[in-house]
Amino acid sequence: MLKRLVCLTCVGAIWLSGCAGFNPSRSHPDESLEGIRQADVQGLNQHSEIVYLLLSAELAGQRGQYEIALNNYLEAAKLTEDAQVAERATQIGLYLKDTEKALTAATLWSERDPENLSARRIAAFLLLKAGHTDKALDQLRALLALPDVDLESALIELVKWLDAEVPKEEGAKVMQRLVTEFPGMAELHFAFALLASTRGEYQLALQEAEKALALHPDWNRARLLQAQVMSQMGDSEAARATVQKALRSDPNNVRLRLIYSQFLAKAGDLRGAERELARILEKDPDNHDARFGLANLLMEAGRDENAKKQFLELTTVSKWRGQAYFYLGLIEARQNRLQNALTWFDRVRSGPLEFDAKVNSITALINLGRITEARQRLVEVRKQFPDEALRLYLLEAELLSKSKDYEAAFDLLTAALEEMPDQMELLYSRALIAEQLDRVDVLETDLRAVLEKNPEDANALNALGYTLADRGARLDEAKQYLDRAIELKPDDPAILDSYGWLQYRLGNHGTALDYLQRAYESVSDPEIAAHLGEVLWESGRHQEAKKVWKEALKKDPGHDDMKKIKIKYREAFE
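Read in order, the letters of the sequence shown correspond to residues 1 to 574 in full-length UniProt numbering.
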């Protein structure tokens with residue numbers, strides 16, 4: 001009856017697993033209640049204490065009192081030889097991130113079940129994290145000596161953990177000691193190469209990969225790692241040749257062929273990559289990885305209709321459905337079929353592309369002229385993705401600004417700043433909107449706040465300097481800001497334009513033309529054209545000014561700066 005009560009309690013604790021067949025003491029695996037009565041008093045007392053601790057741990061776990069559950073499991077693990085108790089204590093300790101107790105439990109687990117791979121691996125991880133390198137190495141040596149162990153998988157797990165949790169030098173030291181002690185173990189050299197590659201030590205990674213291949217010449221996973229490292233080092237040709245070599249030894253390896261297609265695409269051989277993917281699909285039409293790769297490849301090559309067919313195939317596959325909807329939306333948007341694009345984007349309701357799909361839906365609505373609906377969606381998406389609130393506020397402000405609703409944009413950014421007062425992007429954006437509203441006081445306050453946080457912000461320096469220069473006031477102060485901006489970004493078209501405009505305000509027409517022409521050659525923007533044309537006109541070069549203005553009007557006839565030019569220099573357009 002007592003044993004049944006323990007096991008029924010185990011079954012009730014759904015947050016744990018593997019309780020079937022559990023025995024508090026391995027020394028008496030089939031002990032019945034009658035057998036317990038016949039045991040000596042000390043054994044009975046110990047057995048009762050174990051049962052009490054386990055029952056308490058289970059009840060605590062069901063109530064969410066995980067600290068109590070951990071403590072009781074750990075105490076029980078010290079009293080019993082059953083490895084499952086120590087394993088549970090280890091799992092709860094890891095869940096609670098209680099490294100010290102998890103380490104105690106994992107050490108007991110590895111002692112109770114010395115041939116258990118997970119026990120050895122976790123004990124080694126926790127010992128390394130605690131700085132007990134020698135003891136960790138003892139666990140790893142024991143792990144490497146285990147019979148029938150999948151060393152490759154175990155060591156890859158070790159590498160992932162070392163890369164994430166252990167200082168760079170310590171992780172390398174551990175692997176170096178292991179490969180020195182076990183020089184004939186190809187898996188260790190592979191693991192060391194993998195660790196070195198994740199940390200950017202490419203030469204070491206290549207050396208260790210070579211050692212692994214010398215011991216195991218047909219090991220394509222090691223050869224792929226070698227190719228990856230070569231690619232990271234910028235030697236694409238060598239990387240591709242390495243994958244080709246692996247393919248020759250294993251021509252039916254689909255994963256290899258997929259990777260080879262990626263190398264071909266990266267090298268610009270899109271047709272070659274397409275052939276490889278088509279070859280995979282010819283043999284295995286249900287290889288959805290290959291189909292997705294082919295669809296992306298076709299889309300990149302501008303063959304949208306062909307890509308669309310492949311993505312439509314993938315809408316029937318649950319794993320790829322969301323991504324297929326997203327890229328179908330992109331294809332429709334690229335073809336300016338905005339309503340179709342909106343329909344596809346709206347079908348992406350989960351997964352890693354959900355946020356991007358929602359933003360693209362809003363963009364489609366904006367381009368369709370459905371501004372009110374776009375703003376409503378922006379509010380909804382901000383609630384759903386609070387971590388993206390900044391980006392969404394800026395997007396909505398840009399939307400309002402483009403529709404010239406500057407008051408609404410200003411109010412929106414002011415509300416956003418109440419939520420996120422330290423966000424420089426919001427201050428900078430509100431300053432630009434304030435300029436449109438002739439709220440120079442707000443503009444100066446916001447830009448000075450940005451510069452107080454980051455005195456080297458070239459964009460803020462430029463915006464403040466240009467505003468002062470454009471109004472013809474405090475030109476010496478404007479020059480200080482713009483001198484620093486152009487020093488920081490000497491080739492930035494916007495800053496060149498501002499600096500040229502400042503020089504014009506200072507009466508230096510020749511210098512002004514030099515900077516404005518450089519800006520216009522870099523970006524033929526109507527605002528720069530307005531400035532350049534004005535300085536040309538005032539310098540007596542009327543025909544050149546007319547030519548610049550004509551080009552700008554052709555590009556954007558409704559641009560605000562060009563409207564002002566047409567009013568100010570009416571005779572130039574008669």
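No wet-lab data here; the hints were simulated from the structure. The C-beta atom is built at its ideal place from N, Cα and C for all residues, glycine as well. Check the hints yourself; a few may be wrong.
[Unchecked claim] Computed Cβ-Cβ distance ranges for the label pairs, DEER-style:
hint	residue 1	residue 2	range
1	268	563	20 to 30 Å
2	471	570	16 to 26 Å
3	476	438	20 to 30 Å
4	555	301	45 to 55 Å
5	207	373	55 to 65 Å
6	183	268	33 to 43 Å
7	218	302	31 to 41 Å
Results of checking the hints against the structure:
1. 268 / 563: 20 to 30 Å: 45 Å Cβ-Cβ, so the 20 to 30 Å window is violated.
2. 471 / 570: 16 to 26 Å: 23 Å, holds
3. 476 / 438: 20 to 30 Å: 23 Å, holds
4. 555 / 301: 45 to 55 Å: Violated, at about 30 Å.
5. 207 / 373: 55 to 65 Å: 59 Å, holds
6. 183 / 268: 33 to 43 Å: Because 41 Å falls inside the window, the suggested range holds.
7. 218 / 302: 31 to 41 Å: 40 Å, holds
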